[in-house]
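Visitor: Take a look at the letters that make up each chain.
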Amino acid sequence: MIGAIQERVRALTPVADADLGRMLRIRHFERALLRLFERGQLNGTTHTCLGQEHVPVAVSGLLDPDDYVFSNHRGHGHFLARHDEPHALLAEIMGRAGAVCNGVGGSQHVYHERFLSTGVQGESLPVAVGVALRLKRVTPGRLACAYIGDGTWGEGSVYEALNMAQLWRAPLLVVVEHNRIAQSTPTTAQLSGSIAGRAAGFGVLHHRIESVDVNVIRAELAPLAAVVRSEFRPVVAEIAVHRAGPHSKGDDTRTPEELREAAEGDWHPRYAEAFPEQFARLDEEQRAFIARMVDDVLIRPASEWERP
Amino acid sequence: MRVAEHLNEALHALLDADPAVHVLGEDIVDPYGGAFKITKGLSTKHGSRVISTPLSEGGIVGVGAGLALAGDRAIVEIMFGDFAALAFDQLLNFASKSTTMYGRRVPIPLIVRCPTGGRRGYGPTHSQSLQKHFIGIPGLDLYELSPFHDAHALLATMFARQNPCVLFEDKVLYTRRICRDGVVDDLFRFELVGGWARVYADGDLPPDCVLIAPGGLTDRALEAMRDLLIDHEITCVLLVPERLYPLDPAPVMQVLRGAGTIVVAEDGSAGGTWGAEVSRLLHPELWASLSGPIRLVSAADSIIPTAAHLEREVLVQADTIRRAVLA
Chain U
1 MIGAIQERVR
11 ALTPVADADL
21 GRMLRIRHFE
31 RALLRLFERG
41 QLNGTTHTCL
51 GQEHVPVAVS
61 GLLDPDDYVF
71 SNHRGHGHFL
81 ARHDEPHALL
91 AEIMGRAGAV
101 CNGVGGSQHV
111 YHERFLSTGV
121 QGESLPVAVG
131 VALRLKRVTP
141 GRLACAYIGD
151 GTWGEGSVYE
161 ALNMAQLWRA
171 PLLVVVEHNR
181 IAQSTPTTAQ
191 LSGSIAGRAA
201 GFGVLHHRIE
211 SVDVNVIRAE
221 LAPLAAVVRS
231 EFRPVVAEIA
241 VHRAGPHSKG
251 DDTRTPEELR
261 EAAEGDWHPR
271 YAEAFPEQFA
281 RLDEEQRAFI
291 ARMVDDVLIR
301 PASEWERP
Chain Y
1001 MRVAEHLNEA
1011 LHALLDADPA
1021 VHVLGEDIVD
1031 PYGGAFKITK
1041 GLSTKHGSRV
1051 ISTPLSEGGI
1061 VGVGAGLALA
1071 GDRAIVEIMF
1081 GDFAALAFDQ
1091 LLNFASKSTT
1101 MYGRRVPIPL
1111 IVRCPTGGRR
1121 GYGPTHSQSL
1131 QKHFIGIPGL
1141 DLYELSPFHD
1151 AHALLATMFA
1161 RQNPCVLFED
1171 KVLYTRRICR
1181 DGVVDDLFRF
1191 ELVGGWARVY
1201 ADGDLPPDCV
1211 LIAPGGLTDR
1221 ALEAMRDLLI
1231 DHEITCVLLV
1241 PERLYPLDPA
1251 PVMQVLRGAG
1261 TIVVAEDGSA
1271 GGTWGAEVSR
1281 LLHPELWASL
1291 SGPIRLVSAA
1301 DSIIPTAAHL
1311 EREVLVQADT
1321 IRRAVLA
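Residue numbers (this note's numbering), protein chains in the order written: chain U, 1 to 308; chain Y, 1001 to 1327.
In isolation and in its complexed conformation, chain Y is listed as follows:
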């Protein structure tokens, strides 16, 4: 099953199970079913709880927050994650702050879904990975879809936090197969540890390198790991957290302590990155065991060009990760 179908199934199940759940977004009702078809079939089955909206990202995130404030649960799809910029005020100054600024805990069960990332030739304003711009906002939790984490459980986890959450969903990842039963492919296996996926080649030896990356990087990280193993006999473990912020490294600390080299990869542009935040958390804990500073891989400090050959130069490729490990 592809990741897109799996997420769609999870949304169906959520709407089936909980009459308080509402889904809002632009062009999400049938027959169109959303720009990436993640909401396909939802409106046919759940009618008025699945609402196609005007082009008003700020407005619909506000409406979602209002539903959540009053007792419902809301999922808002931003057609292209880039447009979440238009909802920044609602996320920063209303939804996240309301959880604490009234002097007591106010639940705001709101999930803002953001199809994210490039490699599809959509150009500078439809290809970005904006995770870093939402880091460090008290009361706002950031998650990212991966092929390893079960989407049903992920949605349940986000709602259980009672905080507004932004869920980043890599657009190319939508087309990839989900990984189940601990199997990734002929070479790699995985296990889930406290919200993290640990992906490893067969064998329990401590790896030469630990790669940390959000779910959207999975295909490129695996390709790099395969090359490194076969061509250079370098073993890597890939760690993929479901929650990017606030990040809890505790469940994987044991794995990290065994690695001399740590590389953090992400799709956002360079500067003020998620990786810098990961390093901030890990350096004090791992200073003694690291062979050198944590290495950061990100897209270039650049807008994302449209033409495929130009886009490739800017965005993270498997080779970018491979070179960072070998450096």
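The shape of chain U in the complex, shown without the other chains:
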């Protein structure tokens, strides 16, 4: 068993400070949120992306500032990988001054430059098709990237959108973070067939990535993104991940065995083992940065919204 783990650790390719630093920044951000919840300092709900931070970091390295990004309920990593503005995001989640949407949207409704998240599963995909069609016409080469989960494939809007995207050659990159669980329901209990098969049904290119290595994910995504940009067609990129944390706050009903498996699939301990010095240095940097960031946001006054 140890041998097998070491084998996987060795398989990680050397990681850039910028990438590992951003993955750790997101990890510390999410952990800070859970701590704030425990202390009763956060209102409402949130969905952390623990265990999935490397995906948006890999994706964002391939995006152009003019591309659109559509995110979902589990979107903090998507945002922080695209926009290095954790103060604005935490202020949004906490309803404090400097919030990216004045505290109106909160955790799952964020619109900033060309980043937009919505709280209803699958709803963003048809919208992303519309945006992609406009990009194709006005700024060819730009794309719309939409993050969805495996659970999202229960929604009919996904299929309507894939059909239209393929028919009308919309430059749409669908990034599926397949974390094997939809809230509390294992994917095996909510998804028949496969995502690959479903994409194939529409003639949409599909590629599945199994690695947790941020470089490998980006390298496998790069030609797919290039196809989207140059051939004006949708691509479904399915990335196997593990949700290392709960769906929301304290609502994890998985067995100890399932949790252990999820923890083993987490990129975090693997990078810690593979690159101990680099990891420790960046981890301490990000821990301290996020701690300061939280302190800074906590003392801010409440956000203001002029209701239209």
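A few of these clues could be false.
Calculated Cβ distances over 12 Å to all of chain Y for the following chain U residues [said to hold, decoys possible]: (1) Gln121; (2) Ala165; (3) Leu191.
Here are some of the chain U residues that sit facing chain Y, going by a computed Cβ distance under 7 Å [stated by the list, open to error]: (4) Val120; (5) Pro126; (6) Ser157; (7) Met164.
Footprint (simulated), chain Y over chain U, 3 or more residues, beta carbon under 8 Å [what the hints assert, rightly or not]: (8) 95-104; (9) 133-142.
To be clear, the hints were calculated from the coordinates, so they are not data collected in a lab. Because the structure is a prediction, the values reported are computed rather than measured. C-beta: ideal position from N, C-alpha, C; glycine also.
Fit chain Y to the given chain U structure using the hints.
Guide: Frame of chain U; chain Y shown alone:
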């Protein structure tokens, strides 16, 4: 000119004038030109900006919202307004909310056109008037086509609001003539006042009754008004708003204050109606001048049967309005 041709002309003009305008819908391209021919000729003239879509009402309203979000202007035709139910999530949770839920004003210039109403024998799922189900959604504006309002101006008004709008278009109204130059027929004239059409018989006397109705009720309202005038010497004024929600009664408040009796008529089924919303707005303002509660006329609390004689029993007829005024 018929209302259908007039609306078609307005869509042509809009596409001519603004290269950002896109029209999407099922079977809307030539030679078919849409189930009610409202989009006839548009695709021949404007090509790629007029798109026939798959049968995906939710999807195409989402695409329209995406185009609008990114800087275009979109018009989505729902073949039968009944199918707008399939687009409810996109309208309720995306398009309308996006105008404000991101903490700042986000323009979503999107018009969802809904051919609406019965009297054509299409049965329970192709005859409904769903206006009431879209009332009270923050950021969603509801409009209705009438023979009095200019469709060019109406489309411009809706886009200028920068909110997603649902435009209800009565299917029988499509076949009626448009009214212009203040003339309705030999008996009635009209004028436009701040988004409302005021239809009246000659003479300036305060009416016995004010009828408020969306544009689709016009033919039946006029028939009732004619009968009431000739058979009962009861004068009625008909008020037709272009925007059903949010409703702004201010421009016609003077007319309403002069009427002891107010009747609100609509084609939706009874219960939770548009008329109830109109009454909610008007009762506090007019309590002192009303001779009794505002009277509400709607279709029965029933599905809409297909057979003509059964459909007639359920839907609002001229006589339903006439009886409400006489009650």
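Visitor: Take the hints in turn and mark each one as holding or not.
Guide: Hint by hint, here is what the structure shows:
With 12 Å as the threshold on Cβ separation, the claim that Gln121 of chain U sits away from chain Y is violated: the shortest Cβ distance comes to roughly 10 Å. With 12 Å as the threshold on Cβ separation, the claim that Ala165 of chain U sits away from chain Y is violated: the shortest Cβ distance comes to roughly 9 Å. Its beta-carbon lying about 20 Å from the closest one in chain Y, Leu191 of chain U satisfies the requirement of being farther than 12 Å from that chain. This hint holds: Val120 of chain U has a C-beta 5 Å from the nearest C-beta of chain Y, less than the 7 Å allowed.
Restraint check, Pro126 of chain U versus chain Y: the minimum CB separation of about 3 Å is within 7 Å; hint holds. The interface hint given for Ser157 of chain U is met, as the beta carbon of that residue sits about 6 Å from the closest beta carbon of chain Y, less than 7 Å. The beta carbon of Met164 of chain U comes within 6 Å of a beta carbon in chain Y, closer than 7 Å, and the hint placing it at the interface holds. Counting residues of the stretch 95-104 of chain U whose CB lies closer than 8 Å to any CB of chain Y gives 6, which reaches the minimum of 3, so the coverage claim holds.
Counting residues of the stretch 133-142 of chain U whose C-beta sits closer than 8 Å to any C-beta of chain Y gives 4, which meets the bar of three, so the coverage hint holds.
Hint compliance for this structure: hints 1 and 2 are broken, all remaining hints hold.
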